[in-house]
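The working numbering puts the first residue of the sequence shown at 1, with every later residue one more than the last.
To be clear, the hints were calculated from the coordinates, so they are not data collected in a lab.
None of these values were measured; they are calculated from a predicted model.
In this text, a Cβ means the ideal position worked out from N, Cα and C, and glycines have one as well.
Any given hint could turn out to be false.
As the list claims (entries may be wrong) - Derived Cβ-Cβ restraints for the label pairs, each shown as a range:
no.: 1; residue 1: 58; residue 2: 25; range: 46 to 52 Å
no.: 2; residue 1: 29; residue 2: 8; range: 44 to 50 Å
no.: 3; residue 1: 41; residue 2: 9; range: 33 to 39 Å
no.: 4; residue 1: 17; residue 2: 55; range: 40 to 46 Å
no.: 5; residue 1: 62; residue 2: 42; range: 47 to 53 Å
no.: 6; residue 1: 30; residue 2: 67; range: 28 to 34 Å
no.: 7; residue 1: 67; residue 2: 35; range: 31 to 37 Å
no.: 8; residue 1: 19; residue 2: 50; range: 44 to 50 Å
no.: 9; residue 1: 8; residue 2: 32; range: 32 to 38 Å
no.: 10; residue 1: 48; residue 2: 9; range: 55 to 61 Å
no.: 11; residue 1: 31; residue 2: 3; range: 39 to 45 Å
no.: 12; residue 1: 50; residue 2: 28; range: 38 to 44 Å
no.: 13; residue 1: 21; residue 2: 41; range: 29 to 35 Å
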Amino acid sequence: MNDADVSKQIQQMVRFISQEVEEKANEINVSAEEEFNIEKLQLVEAEKKKIRQEYKRKEKQVEVQKKM
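Build out the structure end to end from the sequences listed, making use of the hints.
As C-alpha cells, this is what we get:
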C-alpha cells in the first residue's frame, strides 16, 4: 500500500467512526427525551391526583360545615 491508499483508508475509517458517533448520540438523545417525557407525565399525574384529593377533602369539609 502506498501513502495515498493508507490515507484514503484512514479517511474512510474516520468517516465510519464519525457516523457511528452521530448515530449513538442520536439514540441517546431519543432515549433521554423518552425518559424525560415519561417522568414528566408521571409527575403531572401525581400532582393531579394530589389536587383531586385536596378538593375532595375541602368538599367534605364544606359539607360538614353546612350540616352544623
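For each hint, the structure was consulted:
Between residue 58 and residue 25 the beta carbons are some 49 Å apart, a value that agrees with the proposed interval 46 to 52 Å. Between residue 29 and residue 8 the beta carbon distance is about 32 Å. The supplied range of 44 to 50 Å is therefore violated. Between residue 41 and residue 9 the beta carbons are some 48 Å apart, a value that contradicts the proposed interval 33 to 39 Å. In this structure the hint that residue 17 and residue 55 lie 40 to 46 Å apart at CB is violated, the actual value being about 57 Å.
For the pair residue 62 and residue 42, the supplied restraint of 47 to 53 Å is violated, since their beta-carbon distance comes to about 31 Å. About 56 Å separates the C-beta atoms of residue 30 and residue 67, a value inconsistent with the hinted range of 28 to 34 Å. Checked against the hint of 31 to 37 Å, the C-beta distance between residue 67 and residue 35 comes to roughly 49 Å, which is inconsistent with it. A beta carbon spacing of about 47 Å between residue 19 and residue 50 agrees with the range 44 to 50 Å that was offered as a hint.
For the pair residue 8 and residue 32, the supplied restraint of 32 to 38 Å holds, since their beta-carbon distance comes to about 36 Å. Between residue 48 and residue 9 the C-beta distance comes to about 59 Å, which sits within the given range of 55 to 61 Å. The hinted window of 39 to 45 Å between residue 31 and residue 3 holds, with their beta carbons roughly 42 Å apart. In this structure, residue 50 and residue 28 break the distance hint of 38 to 44 Å, their C-beta atoms being roughly 33 Å apart.
For the pair residue 21 and residue 41, the supplied restraint of 29 to 35 Å holds, since their beta-carbon distance comes to about 31 Å.
Checked against the numbered hints above, the structure breaks hints 2, 3, 4, 5, 6, 7 and 12 and satisfies the rest.
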